[in-house]
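Assembly of the complex is requested from the two constituent chains, each provided in isolation within its own frame, with the hints serving as guidance.
Sequence order for the protein chains is Z and R. Residue 95 in the numbering used here sits at position 95 of the first sequence, and the numbers go up by one each step. Residue 1067 in the numbering used here sits at position 67 of the second sequence, and the numbers go up by one each step.
Source of the hints: derived by calculation from the structure; they are not laboratory data. Accuracy of the hints is not assured; some may be wrong.
[Stated by the list, open to error] Cut-off 25 angstroms, straight-line C-alpha distance, at most; resulting in silico cross-link-like pairs (SDA-like, lysine to any residue): (1) Z/K1 - R/K1057; (2) Z/K42 - R/L1060; (3) Z/K42 - R/Q1084; (4) Z/K42 - R/L1115; (5) Z/K1 - R/F1045; (6) R/K1017 - R/A1088; (7) Z/K42 - R/E1085; (8) R/K1057 - Z/F97; (9) R/K1057 - Z/I30.
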Amino acid sequence: KQEVTQIPAALSVPEGENLVLNCSFTDSAIYNLQWFRQDPGKGLTSLLLIQSSQREQTSGRLNASLDKSSGRSTLYIAASQPGDSATYLCDLRVNQFYFGTGTSLTVIP
Amino acid sequence: GAGVSQSPSNKVTEKGKDVELRCDPISGHTALYWYRQRLGQGLEFLIYFQGNSAPDKSGLPSDRFSAERTGGSVSTLTIQRTQQEDSAVYLCASSSNGVVEETQYFGPGTRLLVL
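The following block holds chain R by itself, in its conformation from the complex (with noise of 0.2 angstroms):
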């Protein structure tokens, strides 16, 4: 495909439960970023890769979240034990180089719904 994917679209779980997300990038693209868009509100910034490592986790929300990437393509994006308060849209965007002057293309989301 030509544009980053996600999966599962839709995701509804218990609370305490453990959910993993994926994104797929652009092929090539060496930069990828993860956010999460709670109802109503702006996209937050929640962790960023350049190839497999990630030197920007700062916006994780709490110890529940990470994520990993391998072979610099598929990320996962797990929460563990997961609370009423995690339900949102988590997107995922790529960009070739992660450079300042790149754009940034987006996923469509995975809609997380913790019951």
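For reference, chain Z alone in the conformation it holds in the complex (with noise of 0.2 angstroms):
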């Protein structure tokens, strides 16, 4: 069974600061990789995908990147905001979906 952590459980920073977010896994067999942030009280919204084939997805100031054979993504966050304050979660599809426990980010004003 696919077994997915998240180091660090929550991390806080102040504005403005570069942070990485750390995703491993431990069956590399995987179809894709996808970042979620989860805000209290909504549902999950995607932030990237990154497809099997793919090393790396990028939007706006968020950077995700996969390494099948160390079992490991990362997502970096550049020049963080307040509004980027939410828990992240990394998703591993295989033949069913197996999320992280996520990383509570609070970005500090």
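Here it is in structure tokens:
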């Protein structure tokens, strides 16, 4: 069974800092990996989807990388803003969807 | 509406009662997914529908849980004889065709509290 770990569980940074969130997984035979953000009282919002054949995806201030051989994905957030405060989840698709427990990010104005 | 909707948004029930949760996927999406998120934990896959059929029911935690989908659209998740451990946020998602390359679109969830 796929095990998905996200470190750190919580992170607090001052506004403007660049930061990296980590997602580790045990089985490299994945179809794709997706990063979501979850806001309190709301559902999940898709940020970036990386297919198995890709190594990274970029959208605005966000960059996600995928290294299947090492079982890792990172989400890089540049020039963080208070509006980035949320819980960030990585999700692996094998024959099912496997979610990490998330990293709770707080960006301090 | 443009997104996935779920109802009710909150549900408080007594132990032993049955509850029914509803999900309206994005119009035209053939794939629909149910997840459970317990407090402080990650999302737990429950069941997946392709059209009206459920090829993967492996995540349903017990026979008290069942789900159906009619008309290739609305889905209901039913929990019978609720237990306190069923307290969680139940999230629904849909995707266009259910192929692995697609992204999922999530609803806001139903927060279930079993007293």
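Against the structure, the hints come out as follows:
1. Z/K1 - R/K1057: The hint holds at about 16 angstroms.
2. Z/K42 - R/L1060: holds (23 angstroms)
3. Z/K42 - R/Q1084: With a Cα-Cα distance of about 23 angstroms, the restraint between Z/K42 and R/Q1084 holds, given a limit of 25 angstroms.
4. Z/K42 - R/L1115: Measuring from Cα to Cα gives roughly 23 angstroms; hence the hint holds.
5. Z/K1 - R/F1045: Since the Cα atoms of Z/K1 and R/F1045 sit roughly 13 angstroms apart, the hinted pair holds (cutoff 25 angstroms).
6. R/K1017 - R/A1088: holds (16 angstroms)
7. Z/K42 - R/E1085: Given pair Z/K42, R/E1085 holds - Cα atoms ~22 angstroms apart, limit 25 angstroms.
8. R/K1057 - Z/F97: holds (13 angstroms)
9. R/K1057 - Z/I30: holds (20 angstroms)
Consistency note: the structure conflicts with none of the earlier hints.
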